[in-house]
Each structure stands twice: as structure tokens, then as C-alpha cells.
Amino acid sequence: MKFTPRELAENVNVSPGSPLKELFKLAAALLALLGAVYLILGLAVDWIAPRLSTGFEEKLATAFSSRLRTKAGHEASAQAVQGYLDELQEHCGRLPYRLKAHVDSSRDANALALPGGHIVVTRGLLETVGSENELVFILAHEMGHFAHRDHLRAAGRALVMLMISGLLFGADSGINEVLGQALNITELSFSRRHETSADEFGLKVLVCHYGHAAGAADFFRRIPADRDPVRFGHYFSTHPENERRIAHIQRIVQEQRVEAGPLVPLPDAIRELPTGR
Amino acid sequence: MELAIKLIIFLVLVVTGYFAGSAAEKKHYRSIREREKALLNLPAVTLKTPPYANEEIAESGLVCGSAVISTDYFKFFLASLRKFFGGRLRTYESLLDRARREALLRMKAAAGDADIIVNVRLETAPIGGKENAKGGVMSVEVLAYGTALKLKHR
Chain A
-18 MKFTPRELAE
-8 NVNVSPGSPL
2 KELFKLAAAL
12 LALLGAVYLI
22 LGLAVDWIAP
32 RLSTGFEEKL
42 ATAFSSRLRT
52 KAGHEASAQA
62 VQGYLDELQE
72 HCGRLPYRLK
82 AHVDSSRDAN
92 ALALPGGHIV
102 VTRGLLETVG
112 SENELVFILA
122 HEMGHFAHRD
132 HLRAAGRALV
142 MLMISGLLFG
152 ADSGINEVLG
162 QALNITELSF
172 SRRHETSADE
182 FGLKVLVCHY
192 GHAAGAADFF
202 RRIPADRDPV
212 RFGHYFSTHP
222 ENERRIAHIQ
232 RIVQEQRVEA
242 GPLVPLPDAI
252 RELPTGR
Chain B
528 MELAIKLIIF
538 LVLVVTGYFA
548 GSAAEKKHYR
558 SIREREKALL
568 NLPAVTLKTP
578 PYANEEIAES
588 GLVCGSAVIS
598 TDYFKFFLAS
608 LRKFFGGRLR
618 TYESLLDRAR
628 REALLRMKAA
638 AGDADIIVNV
648 RLETAPIGGK
658 ENAKGGVMSV
668 EVLAYGTALK
678 LKHR
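Taken in sequence, the protein lines are chains A and B. Per this note's numbering, the first sequence starts with residue -18, numbered consecutively. Per this note's numbering, the second sequence starts with residue 528, numbered consecutively.
Any given hint might turn out to be false.
[As the list claims (entries may be wrong)] Derived lysine to aspartate or glutamate pairs resembling DMTMM-like cross-links, with alpha carbons at most 20 angstroms apart: (1) B:Lys679 x B:Asp640; (2) B:Lys677 x B:Glu582; (3) B:Lys679 x B:Glu586; (4) B:Lys553 x B:Glu563; (5) B:Lys677 x B:Asp640; (6) A:Lys2 x A:Glu(-12); (7) B:Lys610 x A:Glu3; (8) B:Lys564 x A:Glu68; (9) A:Lys2 x B:Glu650; (10) A:Lys81 x A:Glu113; (11) A:Lys(-17) x B:Glu583; (12) B:Lys553 x A:Glu(-12); (13) A:Lys2 x B:Glu582; (14) B:Lys553 x B:Asp640; (15) B:Lys553 x A:Glu(-9); (16) B:Lys554 x B:Glu620; (17) A:Lys6 x B:Glu620; (18) B:Lys679 x B:Glu582; (19) B:Lys564 x A:Glu(-12); (20) A:Lys185 x A:Glu240; (21) B:Lys564 x B:Asp624; (22) B:Lys554 x B:Asp640; (23) B:Lys610 x B:Glu620; (24) A:Lys81 x A:Glu3; (25) B:Lys575 x B:Glu650; (26) A:Lys185 x A:Glu68; (27) B:Lys564 x B:Asp640; (28) B:Lys553 x A:Glu3; (29) B:Lys564 x B:Glu552; (30) B:Lys554 x A:Glu(-12); (31) A:Lys185 x A:Asp199; (32) A:Lys185 x A:Glu236; (33) A:Lys81 x A:Glu68; (34) A:Lys81 x A:Glu71; (35) A:Lys81 x A:Asp27; (36) B:Lys554 x A:Glu236.
[As the list claims (entries may be wrong)] Stretch-level coverage of chain B by chain A, calculated; a stretch enters the list once three of its residues show a Cβ under 8 angstroms from a Cβ in chain A: (37) 575 to 589; (38) 612 to 622; (39) 630 to 641.
Rather than coming from a laboratory, the hints here were simulated on the basis of the structure. Glycine is no exception: its CB is placed at the ideal position from the N, C-alpha and C atoms.
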């Protein structure tokens, strides 16, 4: 056997090509794919949401609704809020839901409509509202979200995207986290249209309940006056167009020639919240 | 805000990885090619039995060379995109190629003035354990070993 030393002419083990070009190509393809999935999902969710029965939705919601237990000490105010909800549903805003009220001890002023007919109101909100009318409008606004099934559309799309990315990249990968936060931001800005229609629903219910629309825009006016971002942080960032919404409400009130009327003070049960913590 | 910070960190990692990584790779390949040329006359073959009679062999011994190479964040990110679509992982191809050739060169260097290295084998192992499995930046160790033979003068 004869040995002939020979240099390697070219390296067969490394594929040719520039890594940068490859990066751009793959990244562009991935973004296009995700964009397409997002759009199609949006259409699918918008189509499915109104067709989901409330019974089925309540069943889905039991997954997290157990975590919505009202903390000890807030039962009185939760009951009072529930009372308002029951009354509004009875006479003015009949919805195919069994609405349940929960009080959260967070100091941010916020109200949430969650799947299954759960309305969460924070202690910060109950401490901030100036009149019963204001609180009723906020509750009616949340009822409006339920009437239009808004919560399903927003949550549904974000949830499916997160599920898909979780399957592909692994549940606790960095990409998943980044996607989760990006979705939060897009879903917040997307719901502007929903907020406005919820405003209109809320106004209708308010007028039905009191006969006038005083107190409707009070909460939005309150936010610019008290600029503490910590207190109003969440509500503020979800509803960035408070001026526009105030104007919209006032326009409807004028068009329908709704009269002004007295503001009803809040009952003691709401005011008497436990101090501390 | 948190998202912006994460994004900035990510971009810094990728850009640093790209520039530092490709510089390191180019330098390494240059060194590999030089040494391969220098050690060209020492054959390292995978024959199991040496093509010499026992009487011709003066000395024999085990020689091994190992190299641990780590990749950079840019390669890792590119690979994770690749894993999504499928296809050749070009970035890891160069990583393993460098590690293999480096290990073989070190084995040859360890052989000193041997005439031939027979029964050359290569073993590859991932380094980093849990980090590797979960998708951290990948390191690999390649071990090349064989039997170096010194023949009685020819």
C-alpha cells in the first residue's frame, strides 16, 4: 500500500452559503408565517366567538374561576356589587349570562370582564368612584363587553398564538416569553373599538336604570386629574383615549336628548372597606 | 419596557455572536489549514490492522487528541430558526468540522515522530448537560484516538 499525502482541496463537510443571508431568509419566512396564522386566527375567532354558547363558556372558565374567590373582608362590597349586577340584568340589560361579582384587593382602579360571566372590580376602583351612578356605568360597561363577547375574541386569539408557540419552541423558551408580551401589547390596542361599543351599551343601561346619564363620564374625567400612574396604571394603558370616549358619550347624550339628573351617593357597604393590606 | 430591554439584550448577543464568532472561526480555520499542511506526511488511517509485519514495528502507543469548541449566540439563534423549518444546520456543520479537524491535528501532534497512526477513531460528546438539552448555546467535545506506530528504520 502506498501513502500519498494530499491536501484537502475543498471542505465537503460544510455547506456553502452566507449565514447572514440565511438568517434574513428564515426570519422573514417565520414572520410571514406567524403573521398569516395570526390573521387567519383573528378571522376564525371572530367567527366562533358569537357562536359559543354561554354555558360552554362558563364550563371553560371553571379552569380559572376558582382563583377568583373574593378575599375575606371584601364580601360586603362584593355582595353590594352583585346586587347592582342582578338589578341591572333584571330590568335593563338582560344577558344570557349569570353574572358574578368579585372584588380584588388591588389598589389599581380597574374592572375586568372575564370569560364565564365573571366581573372583577378592584378595591382601588371602589375607593375612587364618587357616586353610585359612576359605579353603575362602569358595571354596565363591563356588561357591554359580555354582550358583545369581546373577552372571548381578545383572549382566544392570544391564547391560541401562545399555545402554538409553546408547542414549537418549548413552553419556557425565551421566544415564548417575548411573544407573550408582544401579544399583550397588540391585544390592548386592538380592543379600542370594543371599548367604545361597551361604552354605548353602558350608557344605554345607565339611562334605563336612572332615567338620566349623569355620572357616565365621571370616571374618565377623574383619570387625567389624578396623574398617579401607579393607581391608574392598568386602566389608563388599556383605555388610552379617554378624551375621545368622554366626547363620544357626551355626543350620544346630546343626540338622544337625555336629561341631567342627580347623582346617587354610594351605599355604605361599598364605602366601608377594610383598611390595611 | 421589559420587552424593550429583552430585545436589546437579544440583539447585542446576536450581533456580538456574529462578529466575534465569525472572526474566531476564520482564525481557527487558518490555523487548522496551516497545521494540516505541516502534518501532511503523517498518515492517520482507520485501518484496524497495520499493513506491516510485526517485526517491522519498533514502538507503538495510544495517542489521543481532543478539542472542545463552543458556538456563539448568533449560530444558536440561526439553528433554532432552522429547527423550525428543517434543512441543513450549516452553522453547526462548521462547528463540528472544526472540532474534528482540531482533534485529529492534536492527536497527530501527540504522536511525535511516529510513522503512522492506525485504527483512528472519533468520538463526539455534547458538553454542558442540562444547558445543552434545554437549548442553550452548544458546545461539543471531539476525541480522536488511535495507535501510533514507529517502524524500525526503513
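Please flag the earlier hints that this structure goes against, numbers listed from lowest up.
6, 8, 9, 13, 14, 22, 24, 35, 36, 37 and 39
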